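J.: This is what each chain is made of:
There are 4 protein chains.
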Amino acid sequence: MTSQFETTARLLITCPDRPGIVSAVTTFLYHHGANVTELDQYSTDPTGGRFFMRLEFQTPHLDVSRATLKQAFGDVVGQRFEMDWRLSFAADKPRMGILVSKHDHALMDLLWRWQRGELRVDIPLVISNHPDLREAVERFGVRFEHVPVEAATHAESEARMLSLLEGQAEFIVLARYMRILSAGFVARYPHRIINIHHSFLPAFIGADPYKQAYERGVKLIGATAHYVTSELDQGPIIEQDTGRVSHRQAVPELRHLGRDLERQVLARAVRWHAEDRIIVDGNKTIVFA
Amino acid sequence: MTSQFETTARLLITCPDRPGIVSAVTTFLYHHGANVTELDQYSTDPTGGRFFMRLEFQTPHLDVSRATLKQAFGDVVGQRFEMDWRLSFAADKPRMGILVSKHDHALMDLLWRWQRGELRVDIPLVISNHPDLREAVERFGVRFEHVPVEAATHAESEARMLSLLEGQAEFIVLARYMRILSAGFVARYPHRIINIHHSFLPAFIGADPYKQAYERGVKLIGATAHYVTSELDQGPIIEQDTGRVSHRQAVPELRHLGRDLERQVLARAVRWHAEDRIIVDGNKTIVFA
Amino acid sequence: MTSQFETTARLLITCPDRPGIVSAVTTFLYHHGANVTELDQYSTDPTGGRFFMRLEFQTPHLDVSRATLKQAFGDVVGQRFEMDWRLSFAADKPRMGILVSKHDHALMDLLWRWQRGELRVDIPLVISNHPDLREAVERFGVRFEHVPVEAATHAESEARMLSLLEGQAEFIVLARYMRILSAGFVARYPHRIINIHHSFLPAFIGADPYKQAYERGVKLIGATAHYVTSELDQGPIIEQDTGRVSHRQAVPELRHLGRDLERQVLARAVRWHAEDRIIVDGNKTIVFA
Amino acid sequence: MTSQFETTARLLITCPDRPGIVSAVTTFLYHHGANVTELDQYSTDPTGGRFFMRLEFQTPHLDVSRATLKQAFGDVVGQRFEMDWRLSFAADKPRMGILVSKHDHALMDLLWRWQRGELRVDIPLVISNHPDLREAVERFGVRFEHVPVEAATHAESEARMLSLLEGQAEFIVLARYMRILSAGFVARYPHRIINIHHSFLPAFIGADPYKQAYERGVKLIGATAHYVTSELDQGPIIEQDTGRVSHRQAVPELRHLGRDLERQVLARAVRWHAEDRIIVDGNKTIVFA
Chain A
1 MTSQFETTAR
11 LLITCPDRPG
21 IVSAVTTFLY
31 HHGANVTELD
41 QYSTDPTGGR
51 FFMRLEFQTP
61 HLDVSRATLK
71 QAFGDVVGQR
81 FEMDWRLSFA
91 ADKPRMGILV
101 SKHDHALMDL
111 LWRWQRGELR
121 VDIPLVISNH
131 PDLREAVERF
141 GVRFEHVPVE
151 AATHAESEAR
161 MLSLLEGQAE
171 FIVLARYMRI
181 LSAGFVARYP
191 HRIINIHHSF
201 LPAFIGADPY
211 KQAYERGVKL
221 IGATAHYVTS
231 ELDQGPIIEQ
241 DTGRVSHRQA
251 VPELRHLGRD
261 LERQVLARAV
271 RWHAEDRIIV
281 DGNKTIVFA
Chain B
1 MTSQFETTAR
11 LLITCPDRPG
21 IVSAVTTFLY
31 HHGANVTELD
41 QYSTDPTGGR
51 FFMRLEFQTP
61 HLDVSRATLK
71 QAFGDVVGQR
81 FEMDWRLSFA
91 ADKPRMGILV
101 SKHDHALMDL
111 LWRWQRGELR
121 VDIPLVISNH
131 PDLREAVERF
141 GVRFEHVPVE
151 AATHAESEAR
161 MLSLLEGQAE
171 FIVLARYMRI
181 LSAGFVARYP
191 HRIINIHHSF
201 LPAFIGADPY
211 KQAYERGVKL
221 IGATAHYVTS
231 ELDQGPIIEQ
241 DTGRVSHRQA
251 VPELRHLGRD
261 LERQVLARAV
271 RWHAEDRIIV
281 DGNKTIVFA
Chain C
1 MTSQFETTAR
11 LLITCPDRPG
21 IVSAVTTFLY
31 HHGANVTELD
41 QYSTDPTGGR
51 FFMRLEFQTP
61 HLDVSRATLK
71 QAFGDVVGQR
81 FEMDWRLSFA
91 ADKPRMGILV
101 SKHDHALMDL
111 LWRWQRGELR
121 VDIPLVISNH
131 PDLREAVERF
141 GVRFEHVPVE
151 AATHAESEAR
161 MLSLLEGQAE
171 FIVLARYMRI
181 LSAGFVARYP
191 HRIINIHHSF
201 LPAFIGADPY
211 KQAYERGVKL
221 IGATAHYVTS
231 ELDQGPIIEQ
241 DTGRVSHRQA
251 VPELRHLGRD
261 LERQVLARAV
271 RWHAEDRIIV
281 DGNKTIVFA
Chain D
1 MTSQFETTAR
11 LLITCPDRPG
21 IVSAVTTFLY
31 HHGANVTELD
41 QYSTDPTGGR
51 FFMRLEFQTP
61 HLDVSRATLK
71 QAFGDVVGQR
81 FEMDWRLSFA
91 ADKPRMGILV
101 SKHDHALMDL
111 LWRWQRGELR
121 VDIPLVISNH
131 PDLREAVERF
141 GVRFEHVPVE
151 AATHAESEAR
161 MLSLLEGQAE
171 FIVLARYMRI
181 LSAGFVARYP
191 HRIINIHHSF
201 LPAFIGADPY
211 KQAYERGVKL
221 IGATAHYVTS
231 ELDQGPIIEQ
241 DTGRVSHRQA
251 VPELRHLGRD
261 LERQVLARAV
271 RWHAEDRIIV
281 DGNKTIVFA
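Residue numbers (UniProt numbering), protein chains in the order written: chain A, 1 to 289; chain B, 1 to 289; chain C, 1 to 289; chain D, 1 to 289.
It is worth saying that the hints were derived from the structure and are not from the lab.
Any given hint might turn out to be false.
Claimed, not checked - Only some residues are given here: those of chain B computed to face chain C with a beta carbon under 10 Å:
#1 Leu12
#2 Phe52
#3 Val76
#4 Leu232
#5 Pro236
#6 Gln240
As the list claims (entries may be wrong) - Calculated cross-link-like contacts (lysine-lysine; reagent style DSS-like; alpha-carbon spacing at most 30 Å):
#7 A:Lys211 / D:Lys284
#8 D:Lys102 / B:Lys93
#9 C:Lys102 / B:Lys211
#10 A:Lys211 / A:Lys93
#11 B:Lys102 / D:Lys211
#12 A:Lys93 / C:Lys102
#13 D:Lys211 / A:Lys284
#14 C:Lys211 / A:Lys102
#15 C:Lys93 / B:Lys284
#16 A:Lys211 / A:Lys284
#17 D:Lys70 / D:Lys102
Nothing here was measured: the structure is a model prediction, and the numbers come from that model.
Note that beta-carbon positions come from the ideal geometry of N, C-alpha and C, so glycine has one too.
Generate the whole structure from the sequences, applying the supplied hints.
T.: Dropping the structure here:
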């Protein structure tokens, strides 16, 4: 439901499973005037497993301020159940930085969806290692920064990017950014960098997956959105999709067809992240979509 | 999770939406020693809408008998929130009667899945208006009854079927049963008769949908599982799927391809019904799959 | 294969089936220096049915001019087998006019794909009954014409549109054009107007199919590209696709999700038409994709 | 079209591409009274590439015997163009041996489809390294042979299997046969052993792909039918498909869901092989489906 977006809050929780968690959380919210409108819950194992939950609730009748609600939730419920938790308010749109190289289809698709209200985020800036997309980005009223990246000065380039993003972006989308980020860069945004890989991972890790797919003679191509970790193409998978191909499609056709998969898979992943629908559990994701 | 099936209970709820419902339900369960392992909730509108919820919980540490739990839930929670609710225990497998005519693919697929443990139901009997499938059914250790259905004696035939099903089946699956059931028959099993229709409803209502599809020149064929109501092919839709076809497939090929869709769509619908995952809301279904 | 696009020719044929057609056509081409690189053939029935064929061939070694080849093919092969046939050269890109109202997603997607070289057409102009999309269209270097359409002056508006399209466009795409074209307009472009309908036809004919889909409670939504005929939403279907939805999606979400289906289905249909891959057979299409 | 199956012939051709091949083949057939009803052709590159073609034609008016047609085709057309070619008659159903271990779903699905006429093959025998499925197989009127396979006597077991298959089967289906065949065994049936692998290859090669998929946290599972070569899971891919999963499915649920993918993917691959629709090109397949 898109209704009442401005007064929607979201609570993401993970903790060791044990009886009474749902009751404690929902009773706390009820007593403070919140009305739960969506609740999704999952346990890996009822005895000794982990507990995951996402709630959406309406806030017009809260009896305390948002800050106080947060403080109280931590004190009363969070500590008792040893929770990792995150409470956010939809009206505080998350700020999303974008890194891109030369392929513009994933970037343009995100900007379009954003302009139409499909993605509830702010986009403070787009950074590219090529100058080509400046006009296309600025046309959407979004700031564009060109940061050249060369092997010799990779560290300086990343430092420049980090200083541009500092305080500006809560998460980062690699919309076909073709350079590898250093472990140091990645560590600054743990589980907050989303990459779109143009294959059905773990098939075709690394460079030019469409060429790899063509050479292997697969009958489906794929795309995978995942969180970036320090290991290339190994991070937690958020979303995947595949499309049918045949012997008639050579590498250029696979690239064309793949674009449609890439932009749809990435758009879903970004939306779920922006709506706090994803919990990372080890090297996997729980997605309450 | 398939684990701990024997001690799993399920609670399905629908009521007018208002604050406090989730809290009241989960606190009640917690106080009686139940551990919630899966919870899915949906509201049509947080103000003035309807509330729908499904819970799974573990029962080994219940502090009361199952009967007492039911009684108490109704008294303490159900009445307060004007709930329609249903509490069931997975160990009490629902009993599923099957009606079939001559096409055996949907029937055989159900019996197979059942034999392999994919469908947690008991199958007390299969009724057919043709004698042909007796051996195939009895081979699974399932009782087979042949009830001829002729236009002139339709009422008697239905009476015979109802008396066979009486006390034997909580719900009925029409696994390609090609006769129309009377309103009176349907009224005996409200939202408890599942039909598989061999088209993507509401396209191609009525007879021979594959022929209709061929003549319209569609590029996808479909299958729809729905609850039977007194209006032909108009009941609440449970599940649908489609598959790609081209000009090369004539009606016989559409029938072949359609069989695969039919048996998969029907199997999902039956499983969801048997696991109490479906709530009917007017002419729609809420499916907590 | 995208290679050698400039020297590619295409031949589309339909005629009564009888022995010797493929031999006659391919021998004719061989004798004139053409090299067949793709051939797709279909017969409704080997005895007394209709024959359909599409060939692609390479023209660098033709021993006659293109005009002479056409003339000779008609004289030598076409008349002998009573063929409807069409010979085209890929280098002569077809010119595609676009009609649109206010929804811009289908239009923008076509312009994007065209700009990237995915659609081998020229776009002489976009006509809209609203002025809103002028800037978005002109940014692609494409002419935009605003032709207001009111009930009282519908005939004049169509006359204006026809005069703008005259000599400019071989085929027309309705990229979410929300007015009904008159039978007279349609007759000017027989099987050369492509519409995108936002449902899985024949389900949900007419206005606001997403609302109809929501009210029926379907579990999949769809999109259909078809040729426009004088009967609303009844023309030959070119392409269709569906996407999964649930009770959680209200009408606005169905519209969002549907956009992705619409633009992909329309793009495929337009590409197939532009590459002469479609033969209309009564109220159906043969698509050699 | 299923019509006139008994009089249908099929011709599969691959050779170096050059002008005139289609003309020569179809003219030869025409002169001998054959009527081409389906023709599919593909070239990797019009200059210096390879040429692939499949034809179906009707034989009631052949002016020579089948043996003479074969001889003449080789002499007149095959040698001239250095063709690998294969001419078969649909009425001579290919004989398919099946190897299976304990999982019966792929086997049962094949037997069912065969019994219903979806697969036009003869099944002379099923061989298993376990005795369990004898009754299930013999019920279809198919011979069952139990050949125990132990590490120490692997060579003897394979020799026994080969002697059972000798002269009985033109191709072999591994319907979840869990032992690795030796290079020597495979060499006896080059590109005539079809395996169903329970993952989207090349992801999850080797043992227990559902466990691997679960541990990697993929959002889709898959199945792949491929020809067996001496390298495990590396042979030419015939067909693949994927299905959606989420964090809620543990390994047993992935296995359940995967069964449906496996049996459908395998059925398509077997049908295409039986209808001579597949040409192996290096480590890829051309599928004229």
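J.: Next, verify each hint and record whether it holds.
T.: We went through each hint and held it up to the structure:
no.	hint	verdict
1	Leu12	14 Å, violated
2	Phe52	8 Å, holds
3	Val76	28 Å, violated
4	Leu232	15 Å, violated
5	Pro236	6 Å, holds
6	Gln240	4 Å, holds
7	A:Lys211 / D:Lys284	14 Å, holds
8	D:Lys102 / B:Lys93	28 Å, holds
9	C:Lys102 / B:Lys211	38 Å, violated
10	A:Lys211 / A:Lys93	39 Å, violated
11	B:Lys102 / D:Lys211	40 Å, violated
12	A:Lys93 / C:Lys102	28 Å, holds
13	D:Lys211 / A:Lys284	14 Å, holds
14	C:Lys211 / A:Lys102	40 Å, violated
15	C:Lys93 / B:Lys284	48 Å, violated
16	A:Lys211 / A:Lys284	27 Å, holds
17	D:Lys70 / D:Lys102	42 Å, violated
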